[in-house]
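Enquirer: Take a look at the letters that make up each chain.
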Amino acid sequence: MRRSMLFLPGNTPNMILSGDCLGADAIILDLEDAVAPDQKDAARVLVRNAIRTLQFPGVEKIIRINSLDTAYWKKDLDEMIPLKPELIMTPKTSCAADVLEFDAYISGLEDKLGYERNTVKLMPLIETALGVENAFAIASASKRVAAIFLGAEDLSADLRCKRTKEGKEILYARGRMVLAARAANVDVYDTPFTDVNDDEGIRVDAEFAKGLGFTGKASISPRHVGVINEVFSPTQKDIDYAYEVMEAIRIGKEQGKGAVSLHGKMIDAPIVARAQQTIDMAVALGLGREEA
Amino acid sequence: MVSKIGKASCGTMESSDAYMELEPAASGTQIELQSVVEHQFGDSIRALAAEMLAEEGVENVNLRIVDRGALECTLRARLETLIARAREAGGANA
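Going down the list, the protein sequences come from chains Z and B.
All residue numbers for the first sequence refer to this note's numbering, where the first residue is 9 and numbers rise by one.
All residue numbers for the second sequence refer to this note's numbering, where the first residue is 1360 and numbers rise by one.
Be aware that a few hints might be false.
To be verified - Once the Cα atoms are required to be at most 25 Å apart in a straight line, the calculated BS3-like pairs of lysine-lysine come out as:
#, chain 1, residue 1, chain 2, residue 2
1, Z, K218, B, K1363
2, Z, K83, Z, K129
3, Z, K83, B, K1366
4, Z, K83, B, K1363
5, Z, K245, B, K1363
Think of the hints as simulated: they come from the structure by calculation, not from any bench.
Just so you know, these numbers come straight off a predicted model, no measurement behind them.
Build out the structure end to end from the sequences listed, making use of the hints.
Expert: See below:
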């Protein structure tokens, strides 16, 4: 279960070391934009040591490496792949060929290390107009791709438009990302809300993203993590209804009914699928019922 | 093998971090430590630094560490980066 992903600058020990107590389901240890070019070497070693020593139990570890157009990405992978992080986030991923280049290099490292292929998954960061246009090709380029992630700051610059709190300028990109990810059967994550002091704004933005179909949302501030987790978790009402749906289906089957209704509404396959997704999430959150 | 090194620095003065400087010395190795936890951990920080310098074959240097409460994994990371930078500054390939 990954509702929230919190960015932590890769060369800042005091933030990295508290990574497992900030409430996020995943931490993104950032070797890219949060690290100055002359500190890339230091960040790589610090992140490697932190993961090796602290392990961050209960929190998924995602490493944002540097992009293909830099001299850093291979060194980043050389240090990170031996640690078997759950995910590598690849920035500025604009086409399937980008994914395949990362994939091939990681496969080589996995072979050298004696790891099973595809042990380490990829989360391409899509933050260019070309990347959004190629979102499905990126999401389906490799078995290694587990999710795609929208980066709206760079995308807005590429679109030559102003980035706003309302986010009208990224509405098409958000919808396109969700469609591409769902068609490729991978998860999809929304861009961070960058005003760290706007508590109402993050809630509105996260609820909108959830409504579009995003799996979860990234954050650049620990302050936003709680709201993101809340928004992307099922409510007790959702959970109760999901169990009612499954119970109605069970009884309907016992009675040999072809069609089943609940509270006067017919229950069809999509409703059952959504109910099962809600129950799966409730179970992951420890809110499930024993009989499920 | 003894490494040829140049002058280098690494780390920051932020809490939980350490700032370090390394430079060649005429003879012998000196480790100067300022630490907010000098009383509790000063000896172990100096021992860790000496151990890593020895492991890497770095001799005859002055090492200055300003520790702001860094954990061992952070100190090791900063020392590793410092030594690599000092080697690069000294013109070594490895």
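Enquirer: Against each hint, give a clear statement of whether it holds in the structure.
Expert: Right, here's what the structure says about each hint:
1. Z:K218 / B:K1363: Violated. K218 of chain Z to K1363 of chain B sits at ~57 Å, over the 25 Å cutoff.
2. Z:K83 / Z:K129: holds, 18 Å
3. Z:K83 / B:K1366: holds, 24 Å
4. Z:K83 / B:K1363: holds, 24 Å
5. Z:K245 / B:K1363: Outside the cut-off at roughly 68 Å; violated.
Going through the hint list in order, the structure does not satisfy hints 1, 5.
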